[in-house]
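> Single-letter residue listing:
Number of protein chains: 2
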Amino acid sequence: MKLHDCQMAPNPRRARIFLAEKGLDVEMVEHSILGGETCAAEYLKINPWGTVPALELDDGTLIREAPAIFRFVEAMHPEPNLLGNNPKEAAEIEAWERFSEFNGIGAIGEYFRNQTEGLAGRGLPGPTKLDLIPALVERGAARAGYFYQQLNEQLGKTEYVGSNRYSIADITAHCCVDFANAVSLGIPEDCPSVARWYKAVSGRASAGA
Amino acid sequence: MKLHDCQMAPNPRRARIFLAEKGLDVEMVEHSILGGETCAAEYLKINPWGTVPALELDDGTLIREAPAIFRFVEAMHPEPNLLGNNPKEAAEIEAWERFSEFNGIGAIGEYFRNQTEGLAGRGLPGPTKLDLIPALVERGAARAGYFYQQLNEQLGKTEYVGSNRYSIADITAHCCVDFANAVSLGIPEDCPSVARWYKAVSGRASAGA
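Note that the protein sequences, when read in sequence, are chains A and B.
FYI, the numbering for the first sequence is 1 to 209, going by our numbering.
FYI, the numbering for the second sequence is 1 to 209, going by our numbering.
This is chain A alone, in the form it adopts within the complex (with noise of 0.2 Å):
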């Protein structure tokens, strides 16, 4: 099987970190979001949605939406457990995956793309025309900003993000930081408990992916 992926990107990023705490060593292929190949028409045949990370199987299948590839490559590969080992823990983490997505990941997301002129037309990912809207990049970093905050009370509680173990609430969550570090959104200085852990992720083997 193959990964389709973009290297600078977040959401294919957390594919790469799962796939390595699985030990699992995946073909990957590139398409650049800021060269505009996730658009153009040779990967919009592989995926019309126009998104990575994508999953090709041996068989041609192909497994678009990261949950969707955790789980899948959780059902083939069980261990390490990264999902949960009981419904209540699963859903806890579930949880926190998904608020690390959407309000973490989609909101550094609309505070970097609605203020970079080579994503001009392309507000969303996906092969949609929008227009970039200037008022989003304050809206992301006020969204960052509360992100950040529910992180850091989450943390002051549980040593990982969705449980007492690492699952992929933190890769999602560790990815988000990056991506946030990389746009000078960085951890505030007054979210320790943020800081605490993402020192912690940092430093598995899977942070290189």
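Calculated directly from the structure, the hints in this document are not laboratory data.
There are no misleading hints in this set.
Okay, the calculated bits of chain A under chain B, using three or more residues with CB under 8 Å as the criterion: (1) 70 to 84; (2) 95 to 107; (3) 131 to 145.
Taking lysine-lysine pairs in the DSBU-like style, the calculated list, with each CA pair at most 30 Å apart, reads: (4) B:LYS22 x A:LYS88; (5) A:LYS2 x A:LYS22; (6) B:LYS2 x A:LYS157.
In this text the structure is predicted, and so the values were computed from the model without any measurement.
Glycine residues also receive a C-beta, built at the ideal position from the N, C-alpha and C atoms.
Given chain A, work out where chain B should sit, using these hints.
Using the frame of chain A, we list chain B on its own:
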């Protein structure tokens, strides 16, 4: 268990339909979004994220985020299967369920929310104060057009949204189209496959939930 709900909103409705399809009779606790109740101190004590649906178990555990609720309930009550019978089917259903959430409910939500005076200062669900952004009304309508077009193409190939049988992907897409209808973004005339499918899902007993 009980479901923290808002009758008029598409997101909790998908949990209500899911529970109805499972044949479960669950107590509903109403929190009006337009009335500000989901962001009021009383509800934030239950769910600091200020979102509905949230499923409260008899032991006090709170399950947040609709897909986490779906997965928890499916684990407890496997029949009828609504999330997929095998990893590949589950992945395709999850991809379309998410597509319908982000590009459907998300699009129509930004179209509706950003022109609704009663939601001033509440640009997104949750307690963060965020200005409405008029440019998102137009963007939401454009995105809804893309959602319908992609859905129509898919439903020209499969009987239901995520596969050839009814699943959670249909529930989310159905709640999206009913929400769109309510805000005058109904099914475009050039989407006959969506109209065919919509008639089928609307005729199910669970549609009244």
